[in-house]
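With the hints as extra help, turn the sequences into a complete structure.
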Amino acid sequence: MENLSDAKFAYLLLTPVLLLLGIIALWPLMSTFWTSLHADAAFGAANYGEFIGFENYMAILSGQRDALLTQPFFSLSRPFQSAVTVTLIFAFVSVAFETLIGFGQALVLDQDFSGRRWVRVAIILPWAIPIVIQGMLFFLLFQPTVGFLAGPLQSLGLLSSSPLSSAQDATMIIIVADVWKTSAFMALLILAGLQSIDRSLYDVAQVAGASKWQQFKYITFPLVLPSVLIAVLFRSIQAMRVYGLIETVAGCTVVPSLSCLVVTSWGQRQYGTASALAFLTALVIGIIVSVYIVRFADAESGGF
Amino acid sequence: MATETGQQTGGEADQGPFTRWVGSAIRNPAKAYRALFYVALVFFLFTTLFPLYWLLVLAVTPQRNLQDIFLTPNGFNPGVFIEVFETVPFHIYMLNSLLLAVITTAIVLLLASLAGYVFGRLEFPGRAPLMLAILAISYFPPAAFLVPLFRLFTGNVAVAGINSPTWYNTPGAMVMPFSALFMPLSIFILSTFYGQIPEGLEDAARVEGTTRLGALFRVIMPLSAPGVATAGVLTFIAVYNEFFFSFLMNDGQVAQSILGIVSSSNHWAPLLQGVLAFQTQYGSLYNLMAAASIIGVLPVAILVVVAQEKIVSGLTAGALKE
Amino acid sequence: MGNVTLEHVTKRYEDVTAVDDMNLEIRDGEFVCLVGPSGCGKSTTMEMVAGLTKPTEGQVYIGDRNVTNLPPKDRGIAMVFQNIALFPHMDVYDNISFGLRLRNYDKEEIDRRVDHASDIVQLEGMLDRMPDEMSGGQRQRVAIARAIVRQPDVFLMDEPLANLDAKLRVHMRTEIQRLHKQLETTVIYVTHDQAEAMTMSDRIAVIDSGELQQIDPPLVCYNEPANLFVAGFIGSPGMNFIDGDIVDDGFVADKYEVEFDPSRFGLSSGDDVTLGIRPEDVYPVQNAGRIANQSKEIRARTDVLEPMGNEIFVYLVVDEDAETDLDKPGSGGRLLMSVDPDSDVEEDQEMSVILDRERVHLFDTATGEAVQHGLVEASEFGSASAQAEGDD
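Protein sequence lines, in the order shown, are assigned to chains A, B and C.
Note that this note's numbering has the first sequence beginning at 1, numbered continuously upward.
Note that this note's numbering has the second sequence beginning at 305, numbered continuously upward.
Note that this note's numbering has the third sequence beginning at 627, numbered continuously upward.
Please note that the accuracy of each hint is not assured.
Claimed, not checked - Here are the simulated lysine-lysine pairs, DSS-like style, with alpha carbons at most 30 angstroms apart: (1) B:Lys335 to A:Lys212; (2) C:Lys793 to C:Lys807; (3) A:Lys8 to C:Lys680; (4) C:Lys881 to C:Lys922; (5) C:Lys807 to C:Lys733; (6) B:Lys335 to A:Lys217.
Hint data in this document are derived by calculation from the structure and do not stem from the laboratory.
See below:
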């Protein structure tokens, strides 16, 4: 081992990691793709039927497969009940609120005040709470009998009589739950950006006569923007995989996110369809990410 | 919010002080910003902590009074925290979760240390693409791995006539995906830390008599203790929080006693299944659900209090490097 | 046994050759400095002796063993590093005893050796300190103690004094020399500082561009440099170089004329040579009496004076029109002269200078190899030459 060249030594040490990732990640990806090119098995033992090329993908994208799914893959007329639309609504709205709130939290945490340590603990705490407990908490908060939120919101006409089984209401509740838990993550990433700003820039601005607001507008915001954009990217990728929260709060039939659809069709032994859906999920995420990166590159060069 | 109400009541009682305050705030904007800061602070503390406080209120409310709970419990029933364990073996679920998290963390730290050393300290062909490939894995949704992994862990994949192990319901079926899923972040954190140890220290250790791996474990790792702790804490929390494989890679059953965990590897449902058990089997026992949730939060809550610096530095270091 | 031999050692990285066909023989107990400009390959050479880097080609021997494929821990070496490299998470005792503990020495033996080593470097009473509680010099002493406690066959020192301030550096220089005298162990010492190499070593190995230029005792490197590189690198300030041609009765350049019989040194009319002369071998013409064999007078104007206390450096302009290469002192119409501190020189003064022909070096301009050191044969001017050498 001592005589190996750097390259051989490097690959030797990487072997266990590569082996693990190969078996648990790389092989499953390829296998999922291969399965997605096959028909669902008609009968018991077989995992999948005959090779059909991209037919699963065509059927899902054209809506022909919708009848076999718990909820349609894509439907603009029922945006809260079709997988692509509800996933995008969830990701877009929750990430937007998380960015705003996270930015606010980061600005608060960036200040010096006594007790900051405990405020930071309080703000991080929701981030560390298991998804299932987060789900349970919001399931209870919006449970009409015990929860205090359902009643007033219902009387205002914002929620229906059974919010957890209405697609639109449940989606909103899940968004609120996600914002509650993950704003802190956003806040930490933005805080890192804030703290990397050279403090002497503020002295310069102050000497030049800039007000607090002007300091924020001309120094803080442009310098922290790259961190915010990256944080938004991370969070969007995560948000588009949402599954556990839905399963706990409302169930996959009520809010059929993309991951939900994969799991339910897998549960019904439609392995070909489930695999194709899994790859389409990755594809949707990929498209959103590339659109975002292209625009983000524009914004960067656009003169902030 | 307290500050805000304080100012308003002051204003109602006597126009003088409030008007004076407004006047001075206009002349001296720093004062207004300070007030704004406290309003924001109180708002954030309230929104993050109130739901947890409410959960506690719900938990200690006696079962017959489970109606419209808001600021105070309708009655007081601390016994609920014992009922939780009597209704389902909640301690076994929790112990399972903690064990799974510890085992995964140990595996991740060991393997990610080797990889972190390689990526942080060695130059070799293929370094950048390999690192990118490892990070790219965390891009895919867990659903993309589900179909084959389930077949693998139910013994339905054969290589050269040998069937894969039937790990469904056992720790292996969860620890393996957890490790693979959370490995990239740790590799990333550790390679940053290991890369910062001066070359001379590693050389000195090797000249003094360690092997290359010896230098990693005796000098580089101890010196990077904060980084190792950060990676460990983040992995632990991530596993404890995980939903997807925790939900799908077991049947929700646990052993009936602590000894049962040791004797059978077949009952390894984690905390998640314990919490869901209340939802599915005891549909209206909302106080028990709340109590179970509070108990389930305790380990991570303690970890956050103890290790908040590590969490913050770990997440932010990762973000800044990207 | 602590003799070290490098046979045809070459180290190539992807696109650069760091060390090229290095052959070195270092005797047991010798103090050898590897010296050269940064990036010359001296540190890579030492890393290959240590086993931290594996040679692409060639063999490394320590004692009678071929250690080319042995890891550092099995080579019987100890090393002191430029950045000192104490383990910051261990106290002084643990740092010094690290290697012994790895080798499972028993507690008493470790204690005895640590006490002895810390005695030698005067660290008594500091064994429980942490490195960050110590001064730079103390830390350096811990690093040295860590090396000697293992009683290695060979000490490797990689610029151990480079990070210390100037005063401490001179002090530690003497301490290391004393240590070497006391332990009589082979020392290989890497430095870019030629003064350090001159003062400390038994022999200096001058390295440039990955190749060994010369390995000889310090004064031999100074007085008989093997080539232009060594001549320019050893000595401070550096040697003056004057490019010129051989004619029938000696050497000529634009403003210079030095008479000798070229055929005696195997030169013939028309050869391109570079004449080298150290600043202290250039004299104002009024001091001509001090030397037996002078060159012809050279007309010059004084430019800048640098009084050093014990001597004055006089920058002379010989040729006002020549282009000056600032990296090469004495080239391009300039000449650097060192005179006694009480000499009567002023800036911008016209004067004539002469060269001591016994101390003139001739180099082949094309290859850089030395052709001749001293233009006077001892037999011819025996007494004068002997006297000049006595002056050194």
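Holds or violated: Lys793 (chain C) to Lys807 (chain C), with C-alpha atoms at most 30 angstroms apart: Between Lys793 (chain C) and Lys807 (chain C) the Cα gap is close to 22 angstroms, so the pair holds against 30 angstroms.
Given pair status - Lys733 (chain C), Lys807 (chain C), alpha carbons within 30 angstroms: holds, 29 angstroms
Distance restraint between Lys881 (chain C) and Lys922 (chain C), which requires alpha-carbon spacing of 30 angstroms or less: Judged against 30 angstroms, a Cα distance of about 10 angstroms means the pair holds.
Pair hint Lys8 (chain A) and Lys680 (chain C), alpha-carbon separation not exceeding 30 angstroms: Holds, at roughly 13 angstroms.
Restraint status (C-alpha distance of Lys335 (chain B) to Lys212 (chain A) at most 30 angstroms): holds, 11 angstroms
Pairwise hint evaluation, Lys217 (chain A) against Lys335 (chain B), where the allowed Cα distance is 30 angstroms at most: holds, 19 angstroms
Of the numbered hints listed earlier, not one is contradicted by the structure.
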